[in-house]
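Trainee: Generate the whole structure from the sequences, applying the supplied hints.
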Amino acid sequence: MDCPAVRELLAEHVLGTLDEDRRRFVDRHLDWCAGCRKEMAELAEGATVVASALALAEPPPELEDRVVAAIVDAAGRRERRRRPRMGVAAAGVAALLAVGAFGWALAMAGRVSELRNAALSAADRADQFESVLREILMEADDGRILSADLVGVGGAAGGGRGILFDSPGGTDWALVIAGGLSPENGPYHAYLTTGGHRQRLGRLSPSSMGEMAAYRIFSRDVSGAHWVSVRNGSGDTVLRGIVSATRD
Amino acid sequence: MNDRPRGPLTPREEQELMQRLASGDDEAVRTVYRRFSRPVYTMGLRMLGSEQTAEELTQDVFVAAWRKAARYDPARGRLSTWLMAIAHNMAVDRIRREAARPTRSAVPLEELTGFGASEEDSLLDRETVRRALADLSAGERKLLELAYFRGWTAREIAQSDGIPLGTVKTRIRTVLIKLRRAQKAEGA
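Chains S and A, in that order, are what the protein sequence lines are. FYI, in my numbering the residues of the first sequence are 1 to 248. FYI, in my numbering the residues of the second sequence are 249 to 436.
Read the hints as simulated data drawn from the structure, not as lab findings. Be a bit skeptical, because a hint or two may be false.
[What the hints assert, rightly or not] Lysine-lysine pairs mimicking DSBU-like chemistry, simulated, CA-CA at most 35 angstroms apart:
#, chain 1, residue 1, chain 2, residue 2
1, S, K38, A, K432
2, A, K390, S, K38
3, A, K390, A, K417
[As the list claims (entries may be wrong)] Ranges of calculated distance between the beta carbons of each label pair, as one might list FRET restraints:
#, chain 1, residue 1, chain 2, residue 2, range
4, S, S234, A, D383, 49 to 59 angstroms
5, S, S205, A, T422, 16 to 26 angstroms
6, S, D221, A, D409, 26 to 36 angstroms
7, A, A323, S, P187, 19 to 29 angstroms
8, S, R203, A, T415, 16 to 26 angstroms
9, A, G414, S, G76, 47 to 57 angstroms
10, S, V72, A, R429, 36 to 46 angstroms
11, S, S244, A, A323, 33 to 43 angstroms
12, S, R198, A, E299, 52 to 62 angstroms
13, A, E375, S, P183, 49 to 59 angstroms
14, S, P61, A, A323, 31 to 41 angstroms
15, S, S234, A, Q267, 33 to 43 angstroms
16, S, P183, A, T422, 56 to 66 angstroms
17, S, E20, A, G414, 15 to 25 angstroms
[To be verified] Covered stretches of chain S, going by a simulated chain A footprint (3 or more residues, C-beta under 8 angstroms):
#, stretch
18, 47-54
19, 58-69
20, 145-153
21, 179-192
C-beta atoms are modelled at their ideal positions from N, C-alpha and C, and glycine is treated no differently.
Mentor: And the structure:
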């Protein structure tokens, strides 16, 4: 794409109203084009003037601790995820290659409890599962993994991860693994939100070491999903995460 | 609220802060939060319309900032611009994907700076902002209201106002450049 065509889209990119395909297109161009990056930065400065026009409101004081806890917790999980675990990953890759990614994924989803020695927490367990899947997909060059770090909402305890498999063949699935949720506030249900539509993934069933899991197979595309959330028995959202294609 | 950091950071300080944020450093998270939580929360209130959604947006924005911190490049712009772009894009995403509608009445753009709000923590000098907005025509202010605060696409604005798509795109670009120039001229 040439610079004039990109520059025509930059203002909308700054305002966040480009569709996903065009947004990616522009981002790829910006990675190597310093001239368009400069123009983009100037438009973004203009947008900051608009943001600065707002009379400032004060967020609730307790929000700071919640934000800090969510980030420190997620950073800790990421650090643990980066530690070597070749044995598990290699064994998982071999198993996946043997039976195919999709079949293996379903088998694993149904056998979450058997991973009890593989990780220290529900999120670690999901991270490890996701790592193996990503390695497999890299090998197979097929399908796409989306994921969401689930963090507590409104100071709620608990955490976890939602993993979505976007299959080129059209049979997608979603798996949610959560931990740290009080059993007395259940039953818990996982949801996937796409556009304005919220779809129930299913009831979280207890597995090993206090974590819970739910999964569902879809006959439709999950790639447009925006949120994964978990609600308690009263219908309050207790965990929530934004679906992302990138993984840190 | 705890003590807020004072004064602007140099680009080098901003980069160091983001490196510490990327590692999940507790103090760095608090420093970034205390500098920018008010404008981010305010944007959430203004665009999404409720305290709850504004809180959710604020948490999501700072988690996203942590995730992207390692990729922050001061050569591409100030930290405030980068962070508010993340906040704005996430708010627009939410409006568009969830069909969220503000529950409180929208504040006309021309009234935004008239609240007598504290200068403290403002991203830019408020008088500069007031003058920059005052230089816009009524049509340009309406365009900003729709495109910036309501997340309308250029196509939606063109259809609503019955004007060509290319004209809307050009006007959006022109008004952003105009605001930037006005702010730079004041700051010079």
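Trainee: Please go over all the hints and tell whether each is borne out by the structure.
Mentor: Comparing the hints with the structure gives:
1. K38(S) - K432(A): holds (15 angstroms)
2. K390(A) - K38(S): Holds, because 27 angstroms separates the two Cα atoms, which is no more than 35 angstroms.
3. K390(A) - K417(A): With Cα atoms ~14 angstroms apart, K390(A) and K417(A) stay inside 35 angstroms; holds.
4. S234(S) - D383(A): 49 to 59 angstroms: holds (51 angstroms)
5. S205(S) - T422(A): 16 to 26 angstroms: For T422(A) against S205(S), whose Cβ atoms are near 56 angstroms apart, the range 16 to 26 angstroms is violated.
6. D221(S) - D409(A): 26 to 36 angstroms: holds (33 angstroms)
7. A323(A) - P187(S): 19 to 29 angstroms: Violated - the Cβ-Cβ distance for A323(A) and P187(S), about 51 angstroms, lies outside 19 to 29 angstroms.
8. R203(S) - T415(A): 16 to 26 angstroms: violated (52 angstroms)
9. G414(A) - G76(S): 47 to 57 angstroms: With a Cβ separation near 50 angstroms, G414(A) and G76(S) satisfy 47 to 57 angstroms, so the hint holds.
10. V72(S) - R429(A): 36 to 46 angstroms: For R429(A) against V72(S), whose Cβ atoms are near 41 angstroms apart, the range 36 to 46 angstroms holds.
11. S244(S) - A323(A): 33 to 43 angstroms: violated (25 angstroms)
12. R198(S) - E299(A): 52 to 62 angstroms: violated (21 angstroms)
13. E375(A) - P183(S): 49 to 59 angstroms: Because 56 angstroms falls inside the window, the suggested range holds.
14. P61(S) - A323(A): 31 to 41 angstroms: holds (35 angstroms)
15. S234(S) - Q267(A): 33 to 43 angstroms: Roughly 42 angstroms apart at Cβ, these two residues keep to the hinted range, so it holds.
16. P183(S) - T422(A): 56 to 66 angstroms: Since the Cβ atoms of P183(S) and T422(A) sit about 58 angstroms apart, the hinted range of 56 to 66 angstroms holds.
17. E20(S) - G414(A): 15 to 25 angstroms: holds (22 angstroms)
18. 47-54: Result for this restraint: holds, n = 8.
19. 58-69: holds (count 9)
20. 145-153: Our answer is that it holds, as 3 residues pass the Cβ test (under 8 angstroms) against chain A, meeting three.
21. 179-192: violated (count 0)
Comparing the model with each earlier hint shows violations of hints 5, 7, 8, 11, 12, 21; every other hint is respected.
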